[in-house]
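**Student:** Sequence:
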Amino acid sequence: MSKDEPGPGGHGHAEHGPLAPATGAATGPLMSSGGTSDPHWYKHAVFYEVLARGFFDSNGDGTGDLAGLVQKLDYLQWLGIDCIWLLPMYESPLRDGGYDISDYFKILPEFGRTADFVELLDEAHRRGIRVITDLVMNHTSDQHPWFRASREDPDGPYGDFYVWSDTDDRYDEARIIFVDTETSNWTYDEVRGQYYWHRFFSHQPDLNFENPAVQEALLEVLRYWLDLGIDGFRLDAVPYLYEREGTNCENLKETHEFLKRVRAEVDRLYPDRVLLSEANQWPSDVVDYFGDFESGGDECHMNFHFPLMPRMFMAVRQEQRFPISEILAQTPPIPRNCQWAIFLRNHDELTLEMVTDEERDYMYSEYAKEPRMRANVGIRRRLAPLLDNDRDQIELFTALLLSLPGSPVLYYGDEIGMGDNIWLGDRDAVRTPMQWSSDRNAGFSKGDPARLYLPLIMDPVYGYQALNVESQRDNPGSLLHWTRRMIQIRKRHPVFGTGAFTELNASNPSVLAFIREHGDDRMLCVNNLSRYPQPVELDLSRYAGVNPVECVGGVRFPEVGELPYLLTLPGHGFYWFQLPAFAEPAPARGSRDAMPSYGLPAAGVRVHSLDTSAGRAAPSRSHGPNHPVSTTSSIPAGFVSTFGDSAPGSSSRTPTRAAGSSGPVAERTDRGGGEKGNGQL
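Numbering-wise (our numbering), the sequence shown opens with residue 1 and increments by one.
Wrong hints could be hidden among the right ones.
Said to hold, decoys possible - Straight line, CA to CA, 30 Å or less: simulated DSS-like cross-link-like pairs of lysine-lysine:
id, residue 1, residue 2
1, 72, 446
2, 43, 491
3, 43, 260
4, 43, 369
5, 446, 491
6, 72, 491
To be verified - Quick list of the computed label-pair ranges, beta carbon to beta carbon:
id, residue 1, residue 2, range
7, 423, 541, 25 to 35 Å
8, 77, 152, 45 to 55 Å
9, 77, 539, 36 to 46 Å
In short, the hints are calculated from the structure, not lab data. We put the beta carbon where it would ideally sit given N, CA and C, even for glycine.
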């Protein structure tokens with residue numbers, strides 16, 4: 001857009017000149033924030049990360065744009081998305097996917113104009129969808145007018161906007177983040193004759209937050225977009241805003257003081273907006289970015305839980321719950337008004353910064369055997385290829401994402417199992433066009449295929465001809481429909497967003513079991529991290545007298561007793577149980593309040609009586625470790641398929657049978673493609 005294109009409240013953009021920080025906020029937002037007025041909406045939200053460039057091309061130029069995103073809002077509403085996280089849409093030379101900003105007040109022309117962005121907000125809010133975007137405060141592009149002025153006129157008003165030094169030996173305790181491309185955090189500038197500081201790429205000089213004018217300039221950027229009606233920001237790279245000798249230049253007190261100032265400004269003028277920080281740090285450091293505990297939090301409303309993500313991958317590959325259990329145990333409590341954001345994959349590499357050297361080597365050996373699969377300190381692959389396109393694993397990971405503490409963040413295309421292209425450079429491997437249909441250009445663009453911003457996925461497994469939204473939307477058993485249904489279930493149970501988390505001491509180390517609880521709203525989640533069927537005993541005596549209700553099929557399970565509750569889960573299977581209030585009958589099947597039943601048992605289902613006798617035949621190795629033998633009976637009419645293989649073997653303490661009853665458990669004899677006993681469709 002031009003500098004005098006109308007901005008918020010009808011003001012021309014000329015007041016936000018390329019050099020001078022903007023001096024006045026708009027008179028008011030163009031629209032109210034979307035959805036309800038709940039100031040804690042982010043605790044219940046399902047977020048969806050969108051690369052505008054890669055989502056939908058509305059004008060045939062080969063690049064996705066804001067108008068294209070507007071055209072696909074109905075799809076996101078259908079999927080159940082509450083908030084779109086839009087990657088940087090600012091003007092940029094695009095040497096780092098838009099995270100190298102050259103003008104904070106301009107939309108990148110190929111994405112559209114400010115009017116297109118306002119239309120996106122308007123249409124999203126009309127559908128009850130909020131929109132947040134990235135705000136990169138730590139650095140700019142070296143093409144930004146501020147930096148050009150700083151290098152050309154050291155004594156001018158922008159001379160101190162960046163961190164300059166006569167030598168390159170200051171702050172030598174700060175680590176180099178992009179070890180693949182950078183050898184130093186300092187780069188010499190021939191024009192100014194000094195070195196400038198950069199924590200990321202050398203074309204991204206760091207702003208000098210010791211300068212009050214820099215702070216005010218960034219606050220004005222924030223006000224400008226919030227006045228337009230945006231619902232918040234993901235604050236990129238916040239741990240690195242300040243530098244101090246004798247430290248690693250991360251998580252400094254000054255950084256937190258500035259974030260408190262930002263939060264105070266948001267709370268004062270925009271009380272229903274959210275700040276989500278990107279602080280790739282250990283849990284004990286990340287919690288500081290929520291701010292004061294007693295007040296409920298006075299810095300960022302949300303923080304990503306980076307250390308949890310790689311440990312989910314480690315736990316499933318090791319078939320042990322301990323990587324997840326241990327990192328959650330190391331995570332301190334957070335202020336009452338705050339929330340974690342959890343994710344499986346995103347636009348960057350699967351970062352391995354917050355793991356030990358041994359764990360990093362293990363992850364590389366298991367998930368990135370080829371060097372081209374690696375980037376910086378991580379793995380540049382999408383979710384489905386990481387999991388060998390195994391549907392059971394993809395569903396298990398998604399179930400963990402939707403049920404562990406925090407608000408889930410889905411990455412565009414993962415809901416259909418999109419693949420990647422490791423032959424593309426750097427992070428572009430996971431940023432290819434969204435696959436909408438089997439039509440020309442995967443339905444992404446009507447333009448010349450040669451003009452697409454990145455090539456389409458064409459391989460036999462993940463190629464768009466077979467793997468796309470259209471084909472999966474027409475198939476009720478697809479990953480897309482399954483993901484949508486699981487999101488719906490999460491939305492029916494607010495406890496997933498606000499409930500306390502209590503891990504149960506499962507008898508089987510391959511099983512991760514936990515309770516989410518908020519008042520009378522209680523959910524039991526049981527996850528088998530092993531590829532083999534596994535039995536597990538759970539101490540649920542606290543809930544004696546309750547009949548767990550499986551959330552997908554609505555099956556009422558046998559009553560919990562004082563003895564251990566027995567379950568058997570198929571390989572990479574899981575359960576979500578609602579634990580009703582004591583003495584509260586489960587809703588009648590078919591009643592208005594009953595959980596919907598997504599399919600009755602089809603052919604190929606057989607039911608097993610649970611056998612807890614001490615003497616039993618040795619299980620076949622083909623069934624996996626500790627997989628017991630069971631007896632077969634006929635299936636009752638109308639019985640909904642749920643988890644199940646047979647019951648575990650004898651125990652020194654005779655447990656209750658699937659909770660102290662002789663009731664049957666259904667088992668699928670066909671594991672491929674159709675409905676599965678763990679509520680998977």
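**Student:** None of the hints should be skipped; say for each whether it holds.
**Tutor:** Outcome of the hint check:
A hinted pair counts as satisfied when its Cα atoms are at most 30 Å apart, and residue 72 with residue 446 qualifies at roughly 15 Å. A distance of roughly 11 Å separates the Cα atoms of residue 43 and residue 491; the hinted pair therefore holds under the 30 Å criterion. For a cut-off of 30 Å, the pair hint linking residue 43 to residue 260 stands: about 21 Å separates their Cα positions. Pair hint residue 43 plus residue 369 does not hold up; C-alpha atoms about 37 Å apart against a cutoff of 30 Å.
Under the criterion of a C-alpha separation no larger than 30 Å, the hint pairing residue 446 with residue 491 is inconsistent with the structure, at around 36 Å. Taking the CA atoms of residue 72 and residue 491, the gap is about 22 Å. The hint holds against a cut of 30 Å. For the pair residue 423 and residue 541, the beta carbons lie near 55 Å from each other, so the given range of 25 to 35 Å is not met. A hinted range of 45 to 55 Å for the beta carbons of residue 77 and residue 152 is consistent with their spacing of about 49 Å.
Between residue 77 and residue 539 the Cβ separation comes to about 42 Å, which falls inside the hinted range of 36 to 46 Å.
Going through the hint list in order, the structure does not satisfy hints 4, 5 and 7.
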